[in-house]
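> This is what each chain is made of:
2 protein chains.
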Amino acid sequence: MRKELTALRGAMERAGVQWYMVPTDDFHASEYVGEYFMSRAWVSGFTGSAGTLLVGKDWAGLWTDGRYFLQAESQLKDSGITLMKSGEPEVPTLTAFLSERLRPGDVLGFDGRTVSELQGRRLKETAREAEACVRFDLDLVGEIWTDRPALSAEPAFELPITATGKSRGEKLALIREALRRENAQTLVLSSLMDICWLMNLRGGDVACTPVILSYLMLTQERAVLFLNERVLSPEIRAHLAEDGVETAPYGAVEEEIRRLAAGSRVWMDLGVVNCALYAAVPPEVEVLNRANPTVLPKAVKNPTEVANFREAHIKDGVAVTRLMCWLKKNIGRIPMDEINVAEKLEGLRREQPGYLMPSFHPIVAWGPHGAIIHYSATPESNWAVQPRSFLLADTGGHYLEGTTDITRTFAVGPLTEEERELYTRVLMGHLRLGAARFRYGCTGMQLDCLAHGPLWDLAMDYNHGTGHGVGYVLSVHEGPQGFRWRQVSPTPPAVLEPGMVTSDEPGIYLEGKFGVRLENLTVVCEDVTNEFGRFLHLEYLTLVPFDLDAVDPALMDERDRRCLNAYHARVRETLLPRLADPEERAWLTEATRPI
Amino acid sequence: MRKELTALRGAMERAGVQWYMVPTDDFHASEYVGEYFMSRAWVSGFTGSAGTLLVGKDWAGLWTDGRYFLQAESQLKDSGITLMKSGEPEVPTLTAFLSERLRPGDVLGFDGRTVSELQGRRLKETAREAEACVRFDLDLVGEIWTDRPALSAEPAFELPITATGKSRGEKLALIREALRRENAQTLVLSSLMDICWLMNLRGGDVACTPVILSYLMLTQERAVLFLNERVLSPEIRAHLAEDGVETAPYGAVEEEIRRLAAGSRVWMDLGVVNCALYAAVPPEVEVLNRANPTVLPKAVKNPTEVANFREAHIKDGVAVTRLMCWLKKNIGRIPMDEINVAEKLEGLRREQPGYLMPSFHPIVAWGPHGAIIHYSATPESNWAVQPRSFLLADTGGHYLEGTTDITRTFAVGPLTEEERELYTRVLMGHLRLGAARFRYGCTGMQLDCLAHGPLWDLAMDYNHGTGHGVGYVLSVHEGPQGFRWRQVSPTPPAVLEPGMVTSDEPGIYLEGKFGVRLENLTVVCEDVTNEFGRFLHLEYLTLVPFDLDAVDPALMDERDRRCLNAYHARVRETLLPRLADPEERAWLTEATRPI
Numbered sequence: 000m001r002k003e004l005t006a007l008r009g010a011m012e013r014a015g016v017q018w019y020m021v022p023t024d025d026f027h028a029s030e031y032v033g034e035y036f037m038s039r040a041w042v043s044g045f046t047g048s049a050g051t052l053l054v055g056k057d058w059a060g061l062w063t064d065g066r067y068f069l070q071a072e073s074q075l076k077d078s079g080i081t082l083m084k085s086g087e088p089e090v091p092t093l094t095a096f097l098s099e100r101l102r103p104g105d106v107l108g109f110d111g112r113t114v115s116e117l118q119g120r121r122l123k124e125t126a127r128e129a130e131a132c133v134r135f136d137l138d139l140v141g142e143i144w145t146d147r148p149a150l151s152a153e154p155a156f157e158l159p160i161t162a163t164g165k166s167r168g169e170k171l172a173l174i175r176e177a178l179r180r181e182n183a184q185t186l187v188l189s190s191l192m193d194i195c196w197l198m199n200l201r202g203g204d205v206a207c208t209p210v211i212l213s214y215l216m217l218t219q220e221r222a223v224l225f226l227n228e229r230v231l232s233p234e235i236r237a238h239l240a241e242d243g244v245e246t247a248p249y250g251a252v253e254e255e256i257r258r259l260a261a262g263s264r265v266w267m268d269l270g271v272v273n274c275a276l277y278a279a280v281p282p283e284v285e286v287l288n289r290a291n292p293t294v295l296p297k298a299v300k301n302p303t304e305v306a307n308f309r310e311a312h313i314k315d316g317v318a319v320t321r322l323m324c325w326l327k328k329n330i331g332r333i334p335m336d337e338i339n340v341a342e343k344l345e346g347l348r349r350e351q352p353g354y355l356m357p358s359f360h361p362i363v364a365w366g367p368h369g370a371i372i373h374y375s376a377t378p379e380s381n382w383a384v385q386p387r388s389f390l391l392a393d394t395g396g397h398y399l400e401g402t403t404d405i406t407r408t409f410a411v412g413p414l415t416e417e418e419r420e421l422y423t424r425v426l427m428g429h430l431r432l433g434a435a436r437f438r439y440g441c442t443g444m445q446l447d448c449l450a451h452g453p454l455w456d457l458a459m460d461y462n463h464g465t466g467h468g469v470g471y472v473l474s475v476h477e478g479p480q481g482f483r484w485r486q487v488s489p490t491p492p493a494v495l496e497p498g499m500v501t502s503d504e505p506g507i508y509l510e511g512k513f514g515v516r517l518e519n520l521t522v523v524c525e526d527v528t529n530e531f532g533r534f535l536h537l538e539y540l541t542l543v544p545f546d547l548d549a550v551d552p553a554l555m556d557e558r559d560r561r562c563l564n565a566y567h568a569r570v571r572e573t574l575l576p577r578l579a580d581p582e583e584r585a586w587l588t589e590a591t592r593p594i
Numbered sequence: 000m001r002k003e004l005t006a007l008r009g010a011m012e013r014a015g016v017q018w019y020m021v022p023t024d025d026f027h028a029s030e031y032v033g034e035y036f037m038s039r040a041w042v043s044g045f046t047g048s049a050g051t052l053l054v055g056k057d058w059a060g061l062w063t064d065g066r067y068f069l070q071a072e073s074q075l076k077d078s079g080i081t082l083m084k085s086g087e088p089e090v091p092t093l094t095a096f097l098s099e100r101l102r103p104g105d106v107l108g109f110d111g112r113t114v115s116e117l118q119g120r121r122l123k124e125t126a127r128e129a130e131a132c133v134r135f136d137l138d139l140v141g142e143i144w145t146d147r148p149a150l151s152a153e154p155a156f157e158l159p160i161t162a163t164g165k166s167r168g169e170k171l172a173l174i175r176e177a178l179r180r181e182n183a184q185t186l187v188l189s190s191l192m193d194i195c196w197l198m199n200l201r202g203g204d205v206a207c208t209p210v211i212l213s214y215l216m217l218t219q220e221r222a223v224l225f226l227n228e229r230v231l232s233p234e235i236r237a238h239l240a241e242d243g244v245e246t247a248p249y250g251a252v253e254e255e256i257r258r259l260a261a262g263s264r265v266w267m268d269l270g271v272v273n274c275a276l277y278a279a280v281p282p283e284v285e286v287l288n289r290a291n292p293t294v295l296p297k298a299v300k301n302p303t304e305v306a307n308f309r310e311a312h313i314k315d316g317v318a319v320t321r322l323m324c325w326l327k328k329n330i331g332r333i334p335m336d337e338i339n340v341a342e343k344l345e346g347l348r349r350e351q352p353g354y355l356m357p358s359f360h361p362i363v364a365w366g367p368h369g370a371i372i373h374y375s376a377t378p379e380s381n382w383a384v385q386p387r388s389f390l391l392a393d394t395g396g397h398y399l400e401g402t403t404d405i406t407r408t409f410a411v412g413p414l415t416e417e418e419r420e421l422y423t424r425v426l427m428g429h430l431r432l433g434a435a436r437f438r439y440g441c442t443g444m445q446l447d448c449l450a451h452g453p454l455w456d457l458a459m460d461y462n463h464g465t466g467h468g469v470g471y472v473l474s475v476h477e478g479p480q481g482f483r484w485r486q487v488s489p490t491p492p493a494v495l496e497p498g499m500v501t502s503d504e505p506g507i508y509l510e511g512k513f514g515v516r517l518e519n520l521t522v523v524c525e526d527v528t529n530e531f532g533r534f535l536h537l538e539y540l541t542l543v544p545f546d547l548d549a550v551d552p553a554l555m556d557e558r559d560r561r562c563l564n565a566y567h568a569r570v571r572e573t574l575l576p577r578l579a580d581p582e583e584r585a586w587l588t589e590a591t592r593p594i
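Sequences listed follow chains A and B, in order. Heads up: the first sequence begins at 0 in numbering that gives the first Met the number 0, then just goes up one per residue. Heads up: the second sequence begins at 0 in numbering that gives the first Met the number 0, then just goes up one per residue.
It is possible that some hints are incorrect.
Which copy is meant is left open, so a pair is good if it fits within one copy or across any two.
Derived SDA-like pairs (lysine to any residue); straight-line CA-CA distance at most 20 Å [what the hints assert, rightly or not]:
{"#": "1", "residue 1": "K512", "residue 2": "E530"}
{"#": "2", "residue 1": "K84", "residue 2": "E530"}
{"#": "3", "residue 1": "K84", "residue 2": "L69"}
{"#": "4", "residue 1": "K2", "residue 2": "G60"}
Source of the hints: derived by calculation from the structure; they are not laboratory data. Note that the structure is predicted; figures quoted are calculated from it, not measured.
The task is simple: from the sequences and hints, build the whole structure.
What follows is the structure, encoded as structure tokens:
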């Protein structure tokens with residue numbers, strides 16, 4: 000039994016709660032969280048990026064999904080915590096479990112700052128049906144976690160207009176216009192990506208996502224940025240003041256919300272705003288609950304951003320292509336393992352000017368590890384790269400000019416026929432989606448079957464989306480568009496607009512054998528508009544060869560081959576001038592030969 | 000000025016209404032309407048199948064859509080009625096027009112039996128906003144149309160269990176179970192297709208749709224069929240009685256609805272139920288407004304129905320193939336025109352046992368007429384078939400074993416390069432959709448881009464859906480599934496279920512030049528279920544050659560050619576044993592040769 004779990008039960012008894020829930024979230028519904036927010040890991044010992052701990056008096060369980068079953072099983076050993084495998088048929092959801100186990104009069108506690116208002120409502124409803132109740136003002140882990148790290152307060156930096164293409168003032172005017180249209184007097188932003196996009200600021204408070212812990216309140220007259228004011232240099236403060244942006248302490252946002260004028264209307268996305276913040280809204284204030292007005296202009300990159308994105312991908316293409324060349328020349332000659340290949344690539348990226356940091360934790364997986372979709376090598380799991388089968392590398396970086404996310408699967412030795420056939424099929428799907436010309440009005444849901452088709456033809460499939468939006472030096476996963484055939488949320492993915500940057504990443508995963516995933520980022524471009532309608536197409540931003548050693552041209556349709564050859568010609572022509580080493584130049588020329 | 004319009008204005012003055020609306024609908028929201036219901040045509044002189052007439056004291060207008068602009072322009076000449084071209088940018092919708100023109104105190108009248116409750120609500124809302132009001136109890140055309148045809152009362156006939164696969168009793172039990180699940184005590188059906196499906200009856204009261212003018216009220220204890228009781232033979236009456244189905248006069252349904260028990264719940268699809276009927280619901284009765292529980296079981300054909308559908312399509316395939324052979328042998332030798340080619344085909348269908356009637360008004364269109372999507376030849380428009388370009392024939396029939404809907408575009412002489420290229424492109428899209436294997440859970444919206452792809456690649460397109468559901472000896476257009484990329488209604492098309500019959504009909508239309516449309520019906524079939532998921536595929540029901548004289552194999556991918564050859568082999572093997580004439584047999588063998 001972990002002593003942290005025992006300590007938490009003590010705090011629960013003092014607070015008079017029978018059940019306590021510890022989710023994996025900061026106060027902003029961020030995808031990754033800073034160390035201050037790792038309560039669930041601290042109590043349970045499980046360090047995966049997703050999971051929810053529920054502690055009762057005599058029982059404790061941790062819900063997490065398939066990608067973490069192995070890791071959680073090992074980390075929860077002897078902890079006194081049961082692993083609840085989300086998605087397995089016999090495992091109830093956390094809500095279903097609570098419905099079953101809450102007794103009349105029970106109290107379910109959690110820190111409402113780490114739970115969105117919509118999630119909080121579902122928990123309250125579950126409790127109400129069991130005649131139990133909820134307390135969301137309890138940070139019980141905070142009470143017992145004596146050496147808890149401080150809230151991150153990394154220095155902020157400002158993106159120049161050459162990076163953002165739109166000034167802070169222009170963006171503020173745009174969002175204020177949206178407020179006027181909806182007759183909302185106030186906007187409360189709590190999504191860090193949206194705040195940083197609007198402010199043209201970046202920071203370092205969340206791993207892989209260069210954002211600043213902050214809130215923003217916007218009216219027609221005022222813009223107040225709530226944050227640890229020490230992260231701002233005097234220069235940035237002056238720039239903010241010029242644009243009429245005031246600053247206030249991070250913790251002051253609740254009090255400001257309490258003072259909203261009776262009869263006014265406040266815009267809050269309740270899928271993002273946490274329930275403690277929502278609870279501060281005075282009862283006479285109307286809440287407009289919908290996606291933040293920043294979401295669409297953030298997703299639709301302006302021409303400056305698109306031009307920068309292209310440049311970032313050339314730099315990234317140089318780094319990944321050099322890695323590929325190094326791999327191909329040294330496999331079997333130099334010892335390699337999953338971790339040191341990731342480090343090698345990180346080193347090559349760092350050689351590129353303007354490189355900031357990885358955009359997510361790298362996935363470098365050899366052989367059977369490639370079949371684990373969200374595999375991340377640890378010193379314990381780290382495998383040597385053997386000279387056969389595939390090495391799958393899903394990595395990405397933030398540059399001042401934009402964010403990259405690329406997956407290549409490399410043949411690191413002889414392949415089986417099955418490996419070659421499935422690599423080719425995945426590549427065909429990848430190329431068919433990438434080559435699509437389509438009518439304006441399509442969402443990624445209407446185009447997704449192009450990527451699945453070559454696998455569906457074999458009655459095979461991959462169970463993840465085909466593509467996600469990508470932020471500009473923000474989160475590498477961004478809405479509102481995406482490629483997926485299945486409608487997972489009540490609203491379908493957004494209509495594809497010129498300037499949207501989205502990944503194209505089909506794959507195939509054979510458990511215990513190997514995995515293939517091939518990922519480029521794409522940008523939506525205007526195509527022709529004629530009497531038949533307005534057409535758009537995708538342009539690949541990513542520029543790195545696909546591994547011809549793994550391609551069986553005979554399986555491809557002529558059009559697939561044409562697309563591949565055209566892409567490789569573009570890769571060659573764009574990257575050759577950026578490669579200094581004659582050996583690398585010769586290698587690239589050969590690696591991008593027409594087939 | 001038409002005298003009917005003047006007479007209507009007289010009736011309006013007597014009734015004290017300033018505006019009167021005459022839609023094109025029967026009391027059941029049927030797609031086609033019987034002669035009794037052709038009030039709009041009688042008043043305006045415009046005979047197209049869609050359009051709404053609005054008459055004011057000094058102005059009258061008729062709204063119709065693009066397919067009827069030419070016809071309406073000619074038929075409305077000197078009528079005193081303005082043609083309102085729906086969809087043209089400068090033309091207001093009827094509702095927008097009313098918003099603009101209704102004055103406080105005005106009365107807008109219409110016959111509420113010909114307007115669905117949901118449409119009626121929009122009209123009431125429009126009137127309310129203009130401080131006007133609505134009277135929906137006025138059949139003013141009925142008052143002045145002295146020689147109005149009687150309500151149709153064609154004899155009903157019963158489909159045997161070998162046709163329907165499910166007895167009336169089984170269907171009643173299924174629908175009663177749905178009522179129990181939704182805690183609804185009563186179901187009011189007013190859609191004629193749903194009533195006839197449930198009763199295993201057919202009739203002849205609507206052109207091309209063999210249904211009976213009727214209503215049905217269902218509870219756990221009773222089933223009451225409201226209709227002109229003379230259409231039922233004593234034998235059918237006896238069969239109905241055996242299944243506990245009572246009959247009552249057509250007009251008695253309103254009174255029966257008025258007697259619904261207070262506190263009970265009645266299921267009514269308010270997009271279908273007319274507003275006069277809805278107005279009869281007592282205020283203490285709760286209305287459950289959703290798609291009728293008959294819709295899905297009617298759309299998902301059972302194994303007997305699927306087997307019958309296959310047989311109906313073999314018969315229809317023989318008829319259309321014989322027409323194709325006759326056309327190819329006689330073009331330029333026998334005078335042909337659009338109308339007599341349609342008659343020739345109707346004659347060939349009538350030779351097939353079990354043939355009942357056309358399933359819709361045939362579209363047979365030569366050359367530039369083929370570019371008019373809903374063209375229907377009239378004696379005035381009828382063109383000779385000249386020995387060049389295309390003859391497009393979109394026709395279908397009802398057989399006791401099922402319903403067909405097929406479009407073929409025939410080269411009736413030399414083709415231009417453009418004609419051949421676009422025919423081939425449409426065929427490629429048609430074949431790609433037809434060959435799709437896909438995951439269970441897909442709707443037609445996720446697959447539709449397969450059909451559009453080859454045209455989108457050329458920045459060309461067709462502006463109609465790719466496919467509609469097809470009823471079993473009911474309406475040739477049936478929901479809830481369909482193939483289309485654009486979400487036209489708030490609900491997407493239904494998930495494709497094994498047994499659903501849907502058309503696959505891409506096309507291309509070059510105004511003033513030619514049109515191509517290629518249509519087969521498909522049925523959804525189970526495919527494999529394995530560790531990757533459950534897969535489905537489509538099977539073509541329609542069996543008629545595509546015109547190889549119009550195909551350019553060099554434009555097709557290898558897979559397209561394989562699909563076409565496999566389809567043609569199936570056509571040949573299935574139809575040859577059904578063709579007696581050696582010349583036709585030889586022709587078919589040649590027409591289905593591999594390319």
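> Should K2 paired with G60 be assigned to within, between, both, or neither, using CA atoms and 20 Å as the limit?
within (16 Å within a copy, 82 Å between copies)
> Using 20 Å as the alpha-carbon threshold, which applies to K84 and L69: within, between, both, or neither?
So K84 and L69 pass the 20 Å test inside one copy only (10 Å; across, 65 Å).
> Is it within, between, both or neither when you check K84 against E530 at 20 Å Cα-Cα?
Cα proximity of K84 and E530: across copies only (18 Å, versus 54 Å in one copy).
> With identical chains treated as interchangeable, where does the CA-CA distance between K512 and E530 reach 20 Å or less: within a copy, between copies, both, or neither?
Close across copies (15 Å), not inside one copy (51 Å); limit 20 Å.
Checked against the numbered hints above, the structure violates none of them.
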